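Enquirer: As given, the protein sequences belong to chains E and A, one line each in that order.
FYI, in this note's numbering the residues of the first sequence are 1 to 672.
FYI, in this note's numbering the residues of the second sequence are 673 to 994.
Keep in mind the hints are simulated off the structure, nothing from the lab.
A portion of the hints provided could be inaccurate.
[As the list claims (entries may be wrong)] Residues of chain A clear of chain E, computed beta-carbon distances all greater than 10 Å: (1) I724; (2) L753; (3) L754; (4) Q769; (5) Q770; (6) Q775; (7) E801; (8) E805; (9) F821; (10) P855; (11) E877; (12) L880; (13) E949; (14) R988; (15) V990; (16) T994.
[Claimed, not checked] Selected chain E positions facing chain A (Cβ under 10 Å, derived; list incomplete): (17) I65; (18) G590; (19) A594; (20) P608; (21) P609; (22) Q611; (23) P613; (24) L614; (25) A615; (26) D640; (27) R642; (28) G644; (29) P645.
Computed from a prediction, not measured in an experiment: that's the story for all the values here.
Ideal Cβ positions, reconstructed from N, Cα and C, are used throughout, including at glycine.
Chain residues, written in single-letter form:
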Amino acid sequence: MSAARAAAQTSRSPLLWSCAASAAAILLHAVQVSVWITLTALGLIGWRLAAAIGAARLPGGALRITLGLALVAGVFAQFHTLNGLVPGTAMLMLMIAIKLLETRTRRDQYVVIGGALFLLLAACLYGQALLWMPLYGAQALLCCSALAVVAYEPAMDEGYFPAPAGLRTREVIALAGRTLLYAMPLAIPLFLFFPRLPGHFWALPAGNDAMTGLGDTLTPGSITRLTSSYAIAFRARFEGRPPPPAERYWRGPVLHEFDGATWTAGRYTPIGVQRLECLSTPYRYRIYLEPTFRHWWLALDTVMRAPSADVRYTDDDQLIAAQPVSQPLNYHAISCTQTRSSAPLFFAARLADTQLAAAPNPRTRAFAVQLRRRAGSDVAYVQAALTFLHTGGFSYSLTPPPLGSDPVDDFLFNTRTGFCGHYASAFVDMMRAGGVPARVVTGYLGGQWNPYDHTLIVRQSDAHAWAEVWLDGRGWTRVDPTAVVEPERLYRGILDLLPNAVSTPARLLHAWPWLSSALERWDALNGWWNERVIGFNYRSQLDLLGALGLRSPELRDAGWVFGAALLAWLAWISWQLRQGTGAAPPDRLGRAYAKLCRKLARAGLQRPPHQGPLAYAQTITRYRPDLAAQVRPLLQHYADLRFGPPSPPTSDRDLRTFERAVARLSVRRGAG
Amino acid sequence: MNANAAAAPDRDGAALQRALAALESVVLGKPRQVRLCLTCLLARGHLLIEDIPGVGKTTLAHALARVLGLAWQRVQFTSDLLPADIIGVSIFDRASQQFKFRQGPIFTQLLLADEVNRASPRTQSALLEAMEERQVSVDVTTHRLPEPFFVVATQNPQEQLGTFPLPESQLDRFLMRVMLGYPDAAHERELLRTGDRRDLIPGLEPVLGPEAVIRAQQLVRTTHVSEPLLDYAQALIARTRDRSDLKLGLSPRAGQGLIRCAQAWARLAGRSAVLPEDVQAVLPAVVAHRLERRDAGQFDSPGSGARGNTAEELIRTVPVPT
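With the rest of the complex left out, here is chain E (with noise of 0.2 Å):
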């Protein structure tokens, strides 16, 4: 009690900035967790001001003990585990508010505001957009500047004096920002030339929420929630020429199942790669992909070869990576836009592409057949369904109208509206139905150019599907029946087409030409933020050691040695610093003496280093009267053997006294 009512006469500026830096560094992650995890640590923190205003008590040690561990237990009922990138955060936001509840001492709130820092620390995993940088930037500022005015409040040293006041505000923030430009050149070297570790370190499960871009099924529908995102899939930019708006096929995900509603990639077993011959110059390109947390990496269709050794190159021409895209990642790919595969379809393939749904749309099944009869050839099929698409009225939509239990039937004969999703699907039924083998390739179409930093950008408001057929002596073709039924989306984005399609927000940025033109600015900063400091891998230090000269295969040791030589430089430092500046090395006292301080100090009594020892007696008095009787003799001594007269003949005496009596003391820490 007297404890607390101690801690309530010191200043209550030091608690307001850990209170500020801990409820900054929670509403960073308010996103990442449940409304009630941010709510409970936001009001705890308020509880322990309303407590520093006398306008409520603070909890005793056995209600916060019941507190904490109800509070983990909650954090269990609701993610099933404690370990893990969410849960670990949302224990971190809760025990730091709950630790908050018991700062007494100058220790705590530098506990506080470490699990702040740690807390950026984990945002940086979630988000590491260039858009959250001046945010990251504005709370280590905001941690650095209470860490000042901790360490600088005079009111916890318990001075001899009556304490003055601390630093101002503008001083702190000054400090703060002094100090982390101190750490600039440190940090840039780290940055630089820190061994990185080749894969991905940072790699972490990813939530079910962080799901972006292209799934790994088509239900003819969900494109619509894609298309309503104006969020950049990637970049890509070209060595020469881009390719025309009509090539522009960004090939992802191949399915080749489907069930009546819904197509999945399925059981498709890979069995060998078709051999392809480019028709066409191929484009040279470099590809800079936002993370999806899916495995597919992106490329101009058809890639000719995997552009890296961590992804599998499948028959179906997809990219399928071993990692999940966890973070930006950028690739060099050589694409052919017209292709041929001479060599026959695989039994095995051609037995799963042309594999019927199990809902039965009849209607389809019979027109299907009557068509191919018809027309008497492959080619001539695949054209006849074309031209069925292009004269029976139907009409694109990002809105249709929802399908019937058949519906390939549904849609092909009754309400003819749909978008890219129900036309590949609809088509490849037909194929199939027709017995040509045919599959639904998902991916993006499109891209927008930016002059300034000269790459095209691809959104997931691009997305689209997509048919591939397979016709003998040519292999798989690619068709587009949404271009036949909709020929502008070659050339223009969903944007442009359906305006009502996408969100109000991004429908205005295009309203304006300086507000796209900022917008290309923004892009093309990011591009480089992804492409330079986010996609600064083991590959490009390599390359930077590369240009610096340092192709010795030991590049690996040298990176080690610069860490070490780091680490060495740092504990010269602080060990400079704890000398102080020039001081002789400690004396037999001295050393005691130190021992003493660093016994208390583990209990939470650190001292300042210009308070002198009664002074330092006085404050222990007041924080820990327990220990009074045992210390203030033990500092009294101290100080008579320091700054006392010399006694010569009892002087070595008296010394060994003090150390043994430092040697037997032992504090315990904290009592209520």
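Fit chain A to the known structure of chain E by using the hints.
Expert: Then chain A, alone, in the frame of chain E:
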């Protein structure tokens, strides 16, 4: 030998404590300032009390004189005050047919110089020279001032119109500058209830006398100053000289004064050796008027939190020897 045991077993030590108690009973709620004033006098220094009117400057000076049992004089400084009004004049005595020196008010043991910054620089410098030399030269004869001799000057930093602020070189003659500030709520209420504190002064017992004061001053000089403590004082002084935000660092004279004050403070606390805490306790009062920041005016407003900021920063940035 225990340096910090309740030393000074002699009568003077106890008398000092009684003097402190008596002063605190008159000047309410300012124990630290009262202790600093007594410290200054025990360190044989002159005292400058700086604050707005009505916070008890004069009461404090009166009480000091009374409790110490010294003869005292008060001079109200005005712009037309002449040096002779303080020091005295030689008058032609018709009876003896020669000039006879008539002593001015300065010939006393404690001189209260009220509103010292209202006098002309010429008068100020006459006073300050006397303070430094502890003697007065008129015509060809030198008159020694009595022992002990203290000047307690007051000045009001707020009203600068028609004043002659003391230049730094003159301020340096004052060992300490003390500010009183407003009383806290409880003591203010007590003041409102009891009325004028000056009425209490005649009732104060003189606790010391001139001889006892001189003995106490001698005792202060014997307070032990260890080598580590000198290291600490030197580090503090050195820091004032390498700080870029200060116009001037501390002079060696200021350093000597700092040590003397710390000795007196330690004695008042009943110790026979000086600790870093003693230096820290007196440092703001000893150095604040000698250090001028480049960015701010010399006078910090009284009662504000910024008071003595430079000194507090100084303390915080210099580690004590361990």
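Enquirer: For which of the previously enumerated hints does the structure constitute a violation, in increasing order of number?
Expert: 13, 14, 15, 16 and 17
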